[in-house]
Amino acid sequence: MTQKLVVIGAGMASGRALEHLFEAGADWDVTLFNAEPRGNYNRLMLSPVLSGEKTYQEIVTHDEAWYLQHGVDTHFGTRVTEIDRAAKIVRADDGSEVSYDKLVFATGSNPFIIPMPGHDLEGVIAYRDLEDTERMMNMPAESKVVVIGGGLLGLEAAAGMAARGIDVTVVHIMGHLMERQLDEPAGYLLRRALMDKGITVKCQANSKEILGEDGKVRALLLDDGTELPCDLLVMAVGIRPNTKLAAEAGLAVGRGIHVDDQMITSDPDVLALGECVEHNGAVFGLVAPLYDQAKVVAKTLMGEEAAFQPREISTKLKVTGCDLFSAGDFAEGTDREDIVFRDPARGVYKRVVIKDDKIIGAVMYGDTADGNWFYGMMKDGTDISDMRETLIFGPAYQGGASVDPMAAVAALPADAEICGCNGICKGQIVDAINAGAQDLAGIRATTKASASCGTCTGLVEQVLAVTLGDDFVMPASQSVCGCTDLSHEDVRRLIKSQELQSQQAVWQELGWKTVNGCHVCRPAINYYLLADWPVEYQDDPQSRFVNERNHANIQKDGTYSVVPRMWGGITTPDELRAIADAAEKYNAKTVKVTGGQRIDLLGIKKEDLPGIWYDLNQAGMVSGHAYSKGLRTVKTCVGSDHCRFGTQDSTGLGIKLEKALWGSWTPHKVKLGVSGCPRNCAEATCKDVGIICVDSGYEVSVAGAAGMDVKETELLAKVPTEEEALELTCAFVQIYRENAKYLDRAYKWVAKVGLDWVKEQVVDDLANRKALAERFELSQSIYRKDPWADLAEPHKAERFAPIADFTLEAAE
Amino acid sequence: MSWTDIAALEDIPVRGARIVKTHAGCIAVFRTDGDEVFATSDRCPHKGGPLSEGIVHGKSVTCPLHNWVFSLETGEAQGADEGQIATYPTRVENGRVLMDLSEINKVAA
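So the protein lines, in turn, are chains A and B.
For the first sequence, position 181 (counting from the first letter as 1) is numbered 181 according to the UniProt record's numbering, and the numbering increases by one without interruption.
For the second sequence, position 46 (counting from the first letter as 1) is numbered 46 according to the UniProt record's numbering, and the numbering increases by one without interruption.
Honestly, the hints are just simulated from the structure, not real lab data.
Possibly wrong hints are sitting among the right ones.
Label pairs and their computed distance ranges (CB to CB) [said to hold, decoys possible]:
| id | chain 1 | residue 1 | chain 2 | residue 2 | range |
| --- | --- | --- | --- | --- | --- |
| 1 | A | H795 | B | G25 | 21 to 29 Å |
| 2 | B | E10 | A | P310 | 25 to 33 Å |
| 3 | B | D100 | A | T572 | 49 to 57 Å |
| 4 | B | G25 | A | M174 | 34 to 42 Å |
| 5 | B | A80 | A | A307 | 52 to 60 Å |
| 6 | B | G25 | A | N768 | 26 to 34 Å |
| 7 | B | T74 | A | E248 | 54 to 62 Å |
| 8 | B | T74 | A | A331 | 16 to 24 Å |
| 9 | B | D35 | A | A619 | 38 to 46 Å |
For clarity, every value in this text was computed on a predicted model and none was experimentally measured.
For each residue, glycine too, the CB sits at the ideal point set by N, CA and C.
Make a model of the complete structure from these sequences and hints.
Below, the structure written as structure tokens:
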């Protein structure tokens, strides 16, 4: 006898279940209710509709005719209002009453709208159905749209609108895009691809409020105060199973409608499938498990045995033309090992996670061809120990291939600048080689590349090697560390010319061999990034040595030394009293006057650092940066104020210099001295920059040393005014900051590039001197602030204390 | 194993560490880039450097005093250096860091 089946919801899951049912020739009389006024379309294909690649008609999977052909009584645009499970009757808002033998819930999900202020303004929409899609399609080009949510749906919406010429900004709360499917390096590549399409991406951005005008959306306000103007705001932050009707009908409901392995709810005559269900605590959003459920529902209805089993999921996605693949568990974990492969030329990133010689997870970006091969081995638990060395290259390369150390340079486009001094790009060097230049001297003679400061020599040689192949023998240059084959100079040049502004960008574009560097390269890269991109790059304390992270010098017993700044070596009775009080209060073991004319309090416990900083701050003192690769001290003599030989106000100039330079980060420490006359009581001529005052002006000399090496400074220039001495010093420090290798003191760097080159840049070329001083000032607008005051704030200060203390409990 | 709640995961900086004081000395609790948590002795066997202040890279830490590198998983010194630090079981549950203190309490008793 024909049985009656009522289905609520015409989506992809119920459409597939009915297909299975009809294919099997099952004898059912089917009634279908759908709140949307149409049949079933492929929701996954809404994005191509949005971007204009497809029309709605092309993505329909089951239209009214299909349902008619299979004898389904359709009620489209009709909402089911009530279910009487005792009488087995469904009532709908068109007044119809339909009885059933079996009922199937396929009510899907609702987009989640964050209940922040302004969410109910006109112009705030989700991205879920055809109406939302049409709304976005109807936005005129040039209008502004903000998308909240950097998951798959949000990015699809953003890319679709960007393709229509709309100005789109994506706001994502997490640190990288699609954090559930991708790790950070893959998220970086995706972000870069989206930015290439003109989409602005803001990660770690917290939305605070939606601002409106006359009831219409005007802008999104972030909690850091940024306002993002918009004409439309799309919220794509996730979905929630639509369980309202099921809950009203008295079915067991948790996050979703509870179902067992046969997809049967708490009522044996009611089934459910799709995004509205919860099975063993899990809810579903991807299409593969939904189709599995559809099979089980059809079999259960036909009285056949079937059980739904969630599968290990692999996701192969195309987000706006970018190929992505992720499978299994790719978080780092105990006893896990990563194999990473990066190909900067093709924008490829692959990572396989291995545990006990088996693949347990994989992430791929850019080239996902081998995804299924890895996924297959992951599912089968294949032992990969025999192919570990070549595993990452995929099935085609088993037994061969190795990483090319010159891949990063080979990948550079022709317009990548190699020589910054002379503005020579890779293409010009390649042209010179093709025109006959066969070695470094030939390149220097024909293009001038590497002929000035010489720091790009390594890169020029690599271009020679890549272009000439075996005809060129590469001189061995020292790489930064085992994580890369590039030298410090190569890395610095490429950070500038390729505009690499994050650690992730460096790791990927320069083909780093490790996930996040090591203790050798990370502090260097962190420095290069903040020196070259002071505004764009955020300093990373976790990539700094302990002293710079804790803003104090660690001693051999694990305590710290604290040195407050004394501008130009000048102090006051009040400051001395405050220092004495702090020394007593925090039990300084030793109080010492340093070689740079400051006072050092030694033996301070780590947890006391914020306290002593706070006390010293209260007395008007700031960090003396006695721990930094940065400006340390400006040592002075008393000068013309008191000394009968003094020619200028050396103390005053010292204070001005220190106030201009303090807080700046440099490749290695920078110490200055200013002496009021050639008797040189401030010992200025063994400093990184030493100034000797004379009657007619200021002799600015540089590149001295008084450490492992002892070396007298060399005269850079004599200038007539204090202002010029200040500008020249700032320009010198900046050119050193921009060009030197990390951990090269100024004298070592000047020896490499030559004092003549430095003079050309900062003495002869006045426009360049001014530009350097301006760039220094820009950087200082961010870094000229007291780290002690910042870290003594209560919520940061607590980080200096133990996270837990079990010595306070009685020992058992 | 008996698990003791130590702190919230977010209280430990990514690629950083915090210390836990116990009767058997300080324990360093590390958090890697991938939000994995490891606990080891805070003392470098070389000259007693506080490992919690080292640079965390991959699943290793470099001692801040003389650059000895230790595996956070096995506690073994890497490269040419020879040495071993104690490691302690940890796990992360609902954003909380849990540690098994039973070995430590035995030492302290």
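These are the hints, each one checked on the structure:
The supplied range of 21 to 29 Å is met by H795/A and G25/B, whose beta-carbon atoms lie about 28 Å from each other. In this structure, E10/B and P310/A meet the distance hint of 25 to 33 Å, their C-beta atoms being roughly 30 Å apart. Distance hint for D100/B and T572/A: a CB-CB separation of about 54 Å, consistent with the stated range 49 to 57 Å. Distance hint for G25/B and M174/A: a CB-CB separation of about 37 Å, consistent with the stated range 34 to 42 Å.
As the Cβ distance of A80/B to A307/A is approximately 56 Å, the hint placing it in 52 to 60 Å holds. At roughly 56 Å, the beta-carbon separation of G25/B and N768/A lies outside the given 26 to 34 Å, and the hint is violated. Between T74/B and E248/A the Cβ separation comes to about 57 Å, which falls inside the hinted range of 54 to 62 Å. Separated by about 19 Å at the C-beta atoms, T74/B and A331/A satisfy the suggested range of 16 to 24 Å.
Judged by the Cβ atoms, the range 38 to 46 Å given for D35/B and A619/A holds: they are separated by roughly 41 Å.
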